[in-house]
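Novice: Sequences listed follow chains A and B, in order.
Take any residue in the first sequence, count from 1 to its spot, add 305: that is its number in my numbering.
Under my numbering, the residue at position 19 of the second sequence is numbered 15, and the numbers go up by one with no gaps.
Simulated from the structure, these hints should not be mistaken for lab results.
Here the structure is a predicted model, which means the values were calculated and not measured.
Using N, Cα and C, we set each Cβ at its ideal position, and we do this for glycine too.
Don't take every hint at face value.
Said to hold, decoys possible - Label-pair distances were calculated between CB atoms; the ranges are:
#1 B/Met30 x A/Asp314: 56 to 62 Å
#2 B/Leu142 x A/Arg439: 43 to 49 Å
#3 A/Lys486 x B/His72: 28 to 34 Å
#4 B/Arg92 x A/Gly500: 58 to 64 Å
#5 A/Ser547 x B/Ile112: 30 to 36 Å
#6 A/Gln375 x B/Leu142: 56 to 62 Å
The primary structure of each chain is shown beneath.
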Amino acid sequence: MAQHLTIRDFSLQYSASDPKALSSLSMDVTAGSCCAIIGPTGAGKSTLLHCLAGTMRRHHPESVASGQIQIGDLAFTGLPNQILFPVAGLVLQDPYVQISGVRDTVFEEVLFTLENLGTIPQDPQKEILSLLQRLGIDHLVDRKPTSLSGGETQRVALATILIAQPPVLLLDEPTTALDSKAQEKLRSILFSLRGKTTTLLTDTLIDYALGVADQIFLLDHGAIIFHGDPRTLLSQVHNFSSTFPAEGWLGAQSLLSPLEEPSGHMQLVAKALGLR
Amino acid sequence: MLTTVLGFSLYEEGLLFGLRTASRLILLSFSILMFFISTPLTVLIDYLQNKGLPTYFVLMLLLTLHFIDQLPSRIHQIFLAQQARGAPVDAGVFSRTKALLSILSPLVLSSIVESIERGTALELRGFLNRPPPDRQTGQVDTRINLLTVCFYLTAFFIIADSIYRWLNI
């Protein structure tokens, strides 16, 4: 069941002598919604996701954090001391490392997560196949997980986390290794998760987030420089042109120009935002 | 002395010592090879966990074995990348040795980074809290077949024989 995510005045330094990697962040993400955190490389997007997943304290014990994180009824002052899976499930940027390499088929790879949790259902076959069907990868069920393409591996990586039904799903730059067709597939998966899981995804590009997110946070140097829905961001996108690479919001520009006809993903964005 | 080759004198004792050392190395390599061919990683980690090895050690072992498994393809990738940059990887022995150094550095660094990320990914899937496989299914696999008995007996006699010879009893 999806959970509300709240972050209040959250700051982080990797060590007491380092500058702030995250600075006074505050966010409210409604249960079941999809939220995008957009920022250039080094803005602090992955850092934030690792804080929410609970890996930051384990991997950087010297880090200093202040503020509050709340996922549903779970509240933390500073950083969580333990990994929060399955409350929060994080899919890393490189999907290939998400594959354990100790299981021979995609089915067993997904089952491996349930084995780790000690919660194998009566009929795991049915549950796993149903999830793989939803993600459009049921035809890969007997394939070796290390022999898949980038887009397929990305969806298997997603399945390995979704099988635990995390109330909060964290996706670290999920579009990095994907071609436009696979990005479109991911978009439909994210839509299908609405209401079931609270999703936070990061990206370096504005265009993709416009079509999938209910609300968008722009992050730069660890601080939020914009927060609003896609339509509001679109109306102010030129204000952030110096922060983001031009190719990251070319689609958004095409939406703003009455003479340009949006193509591909931006057609869907235009339709979703009622712009064409 | 048996003979002289290129000015080097060859003695029977030296030749036997060389043969013995070489055969031990071959035996060691084949044992490791046999272990990897005959033991799927899945079976190994489940077995070690059932025997009570802490999950943290299983994780370390898993990452190491995975690294060994991926080593040839990783070396090949870096080799190609260095070749594309004009490194003399196909030239003479000296140039190849120099090129090997340029392969080692990215190999070690990328392997460390990948191991850390893979470890994190496994932690993020709850691996460190993983209950022993016996407890997941409620069934303990206590089957001992004839092949297993033969394997254990053979291994026992090989080890006993080695110790006997080593002690010169």
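Novice: Taking the hints in turn, state whether each one holds.
Specialist: Quick rundown of the hints versus the structure:
{"no.": "1", "hint": "B/Met30 x A/Asp314: 56 to 62 Å", "verdict": "59 Å, holds"}
{"no.": "2", "hint": "B/Leu142 x A/Arg439: 43 to 49 Å", "verdict": "46 Å, holds"}
{"no.": "3", "hint": "A/Lys486 x B/His72: 28 to 34 Å", "verdict": "29 Å, holds"}
{"no.": "4", "hint": "B/Arg92 x A/Gly500: 58 to 64 Å", "verdict": "60 Å, holds"}
{"no.": "5", "hint": "A/Ser547 x B/Ile112: 30 to 36 Å", "verdict": "34 Å, holds"}
{"no.": "6", "hint": "A/Gln375 x B/Leu142: 56 to 62 Å", "verdict": "59 Å, holds"}
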